[in-house]
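Protein chains in written order, with the working numbering: chain F, 5 to 192; chain E, 330 to 509; chain V, 191 to 308.
Heads up, none of these hints are tricks.
Listed next, with one range per pair, are the computed distances between beta-carbon atoms:
1) E:Arg446 <-> F:Val37: 31 to 41 angstroms
2) E:Thr331 <-> V:Lys213: 39 to 49 angstroms
3) E:Ala371 <-> F:Ala140: 52 to 62 angstroms
4) E:Arg467 <-> F:Val154: 22 to 32 angstroms
5) F:Leu92 <-> V:Thr265: 51 to 61 angstroms
6) E:Gly497 <-> F:Asn68: 48 to 58 angstroms
7) F:Val189 <-> V:Glu301: 49 to 59 angstroms
8) V:Gly262 <-> E:Ser333: 32 to 42 angstroms
9) F:Ile75 <-> E:Thr408: 51 to 61 angstroms
In silico contact screen, one side only, chain E against chain F (beta carbon under 10 angstroms); selected entries:
10) Ile341
11) Val356
12) Asn375
13) Ala380
14) Leu385
15) Asp448
16) Ala453
17) Thr460
18) Ser463
19) Ala464
20) Val473
21) Ile478
22) Leu492
No lab work stands behind these hints: they were computed from the structure. C-beta: ideal position from N, C-alpha, C; glycine also.
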Amino acid sequence: MTEQQLYRRLVRRSRHRSRSGTVVVALVVLAIVAIYAGIESVLAATGMPALLVSPVDAIDAIENPGTPVLIGAAVAAVLGIVLLVVALSPGTRSRHELLDDRMAVVIDDDVLAGAISHATNREARVPAERISTVVARRRGVVRITPTSGVPLNTASLTTAAEQLVAALDPRPALAVSVSVNERGVVGS
Amino acid sequence: MTRSNRIGNRIIIAILGLALIAAAAWVGNRAMPVVDVPAIPAPPTNALWIAAATALVVVVLALLWVFTRGRGHTRTVVTVTDDSGRASVDARVAADFITEDVSRIVDVVSVASRAYRTDKKTVALELRVTTRRSADVRLVVDAVKRAVIELDDVLETRIPVLLHVATGVRASFAREQRVH
Amino acid sequence: MTAVADGARVAGRNAVSTRALEKTVRAIAAHRLGVKADAVSVKLTDDSGLLAVAITGPLRMQPLRSEHRGDGIMTRIQAARVAIRDDVTTIADSRVGLVDVTISSAIISDETETRRVK
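Just chain F, with the same shape it has in the complex (with noise of 0.2 angstroms):
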């Protein structure tokens, strides 16, 4: 495999979530249970007291189900959903990948976002908390809350913007836009 090619592995792998969280605590609690109910089986099969119910018990519950077991199996159903829904989506992460050629470099959304707010922010200079970015797969939207009384110039706002966003040349390309809030916060 070429070293480009690798790399290309590289940042595809970290796009989507493996899903090894899921599966272990999956497999831990399947294990456990399946503990249990070997030990009832061999309990039953000597013989012996069960622990906490035995194989015929379960196994009348289950055919003549009461109301305990019937949450039981909604919560099971609606548990065997979640599971599907896991196993079917595909789980991108949001991230972006920054080009460079001697690594392979991704950057999570969310300090993407930062960062084009605090450029931005350098030329708004509003409070922090007045200045947001989402940053979605090919745009990025930058929202600021003016102080009243001090006007912003938009275009000046979208070119520091795009002077980050073009610094760092995130893949798949980002278009940033910038939108003032119509009504401002008194003083700052």
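Please arrange chains E and V on chain F, whose structure you already have, making use of the hints.
Below, chains E and V alone, put in the same frame as chain F:
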């Protein structure tokens, strides 16, 4: 994590999900009969032993999958063999070097490193770096790159490196170094 | 037995236990790698009559951005291997065959290599 591992994970999760749904459907069917299914008979002793054996197999397989999570033996990054013997360097060495250097970069809050095998012959290094909120990302990435280039020099070989500039939230993997 | 005059031969054998030899080789390796002896592990085997030495341990190295960084790691390991071979031959009085060194981690320190006596 190999590609087949990832697909395997999803298959296992899907099977477990379907099993839960099936069990719930069975119970539901008993409460409000939709399909006519014979009742489960009281199990004879044989069946109980078979059930216990099956349970054991399930436990073993489940724990096996869980413990093969280790991303393959990530060890040697460089080896030189000659008549007088062999000199090998573990991936951990690369991680130690780069972590020490990157944690000194000004805006870096923490560095964590992990080595894993990407294919039969290559070991890659993943660096997870958390930066301060006000950090200049470009500068940090460039500083890490300079460190990696120095590492290439010291190691006398190039290791594939993945740099992940991350938010501070998640739990860390081993060998995380917190700075300021 | 009764005491014997100086210079006379004393009955008995020099039996160097494997443990003692391992300890010696570990100390030698630790010195050459610039680390503590307890961080180093050593495996001694026979290599067609010669003593084959396999060493695993950390290596003391300068930080990446140090001004006086010195040689690259492979060069350092090669030098250490040669020195270890010589030391073991002299100190442990053994004919040495293959010497394998595996560096498991790096002890990053700005000190120039100091001798650790422990």
